[in-house]
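Work the whole structure out from these sequences, hints included.
From first to last, the protein sequence lines stand for chains Y and L. Heads up: the first sequence begins at 1 in my numbering, then just goes up one per residue. Heads up: the second sequence begins at 373 in my numbering, then just goes up one per residue.
Worth flagging that the hints you see were computed from the coordinates, not collected in a lab. Possibly wrong hints are sitting among the right ones.
Stated by the list, open to error - Listed next, the in silico DMTMM-like pairs over lysine to aspartate or glutamate satisfying Cα-Cα at most 25 Å (straight line):
| # | chain 1 | residue 1 | chain 2 | residue 2 |
| --- | --- | --- | --- | --- |
| 1 | L | 661 | Y | 230 |
| 2 | L | 460 | L | 584 |
| 3 | L | 460 | Y | 228 |
The structure displayed is predicted, hence computed values, not measured ones.
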Amino acid sequence: MNGPKTIKGRPELYTSYGQDMAFLNTRPKRAWTGGLVVLALLVPFLITDDLLQLLATGFVAAIGAIGLNIVTGYAGQVSLGHAFFLAIGAYTGAALSGSETGRVIGFGITSLPIWLLASGLVAAFFGVLVAPVAVRLRGLYLAIVTLGLVFLGEHVFREWTSLTGGPGVGRPAAVPELFGVRLDRDNALFTAAQQLYLVMFVLLVIFGVLARNLVRSRVGRAFAAVRDRDLAASVIGVDLTKYKVLAFAVSSFYAGVAGALLFVVNGFFDPGSFNLLLSVQYIAMVLIGGAGTISGAIMGALFITLLPRITRELPAVLPFISGDATGAVTVFQLEAVLYGVLIIVFLIVEPRGLFGIWVRIRNYWRTWPFSY
Amino acid sequence: MDEFLQSLIRGLGTGSIYALLALGFVIIYKSTQVISFAQPAFMLAGAVLVSYLSPAVSFFGAVLVAAALIAVLALGVERTVLRPMVGKPVFVVAIITIGVDVVVRVVTNAFIGLDVRQVGDPWGLTTMSFLGAEVQQRYLVMIGTTAVVTAALFAFFRYSRIGLAMRAVAYDQEVALAQGISVGSVFALSWALAGGLAALAGVFVATGAGVDQQLWIVALKALPAIILGGLESLGGAVVGGLAVGIVESLFGTYQGDFAPWLGPNFALVAPYALMLLVLLVRPYGLFGKREVERL
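If you want it as structure tokens, here you go:
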């Protein structure tokens, strides 16, 4: 096998499959990625803590959206059950790291890597349990079955009060402790928001890179084959059961991790909030960002997370919108309507989502000024 | 025994609401291969419209007008939002209908406000004696109306020209098109039918307790119903709807005594558990057709 050859003056020319499939296969990609990472690391010292918290929530949501994208965007198995797996992760993390009180159970393992991994694994276990159903069903049948899962899960979480604290009361979130440092408290160097932001960013990068590596491997190609036509995939030798189970397991693992972290960043979750609405929100992240792309999932997650904040700024610009709950058009109504309208408009006008818009911008400037 | 009969009637009553909604889902699915998640919003909008109209044109007049208006609304949604998506992946279209649902529901909520609105139905919570058991009148009305509506629908599909066209489109779109059937109007008509059915169901849900912002959740119970019956089967939708209603009602009555460990309110999610069990045995529902796939 020949190694990659380079030709003088043609740095972008691929001479091997390896180069084409490389992690960051073009120079602009390397530059952009590096630039964004540096920017993200500088941000905590530039903006206020409440915005940082919002961004941290966005990063965690991005981990969850990447997970959903693996099962829905790459493997083509439509899941409306993401909220269920998020909930499992959230409560596993909280129960493992929380302290035992008379009201809720807890095991007091506060080290972040341990409970985070455990949250992911428990959620993945449930994903594997659900997967056999997915192997038998396809399309919208699967979507509705996973929807049923959310309702059943919501019921269990409402009733199992020693785990979840019960509706309206809740329980404390997981305790984030890394190398003996409590991340949710201010210390000499950083504020709590800065620490959480940085940790969530690092975790997003780790999980993002892992997912990107998964989908450009043999497994990822098998997922895409199953998505595009599962019958054809099985004919060319893709083991459908194996890869569908694997897709659900990986996706639920990501959801579990995201759920546990979401609980930490938000601080409070009502057991009833892991509902259909949350699932739809994640579907919206994936579709608005761009199905079948990791960077799209991140963009979509940040967009959906920041959307309420953006609409909340609108009353200052558009005076006919009322900032509180009174008035003809309130900001809350606007937010909900905007959310629905955005889903519709994106899917009709740009089915590839934010990622598609980025691709169009990129292609325009690539040949600029000779667009034709 | 009285208790059993009571909860059976209650189950059949709520089940007939689910059946109406499920019929809407199935009609849309058969013609366009899409599950419309906008049904809950149409249901809510129908109930709210009736609550505004009934003081002016009496309850029954209001129901007819509201069903017609919601049918027109659904038709409009299909023309503007769904038509550009013909031929796109069904899942994407289904998500678009979620978007439609959100928008319609937010607008409708603005008309509900925080109070509970009454639809002005003549039955309320009054009961009557039926085969020796005290049952609420409204359940009997629901069962009767649904039976009539279902029979009319089946007759429509069986005997009318348009019904035949709709069946043809469901069977094979391209061939139907080649025979001169306007597939577009069939799409529009099926959305309108589903909208009207949803509005009627919404009114039934609102009898007795009234309309509030949470009413739409009831419509989601029709989802296990259509999966139970099979997505392509109108008869399956009715059977599924009634089954879901009965299961829910019987669990509500007896589960506290026989299986308290499932927790209170398990009845609300029992349909979903039933759906999972049925699907494990029959992946295409009770009456759905097994797809033959070719490469």
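Hints and how they fare:
Restraint check for residue 661 (chain L) and residue 230 (chain Y): the C-alpha separation of about 19 Å stays at or below 25 Å, so the hint holds. A C-alpha spacing of about 35 Å is found between residue 460 (chain L) and residue 584 (chain L), which places the hinted pair above 25 Å, so the restraint is violated. Distance hint between residue 460 (chain L) and residue 228 (chain Y) is fulfilled; the C-alpha atoms sit about 14 Å from each other, no more than 25 Å.
Violation of the numbered hints given earlier is confined to hint 2; every other hint is satisfied by the structure.
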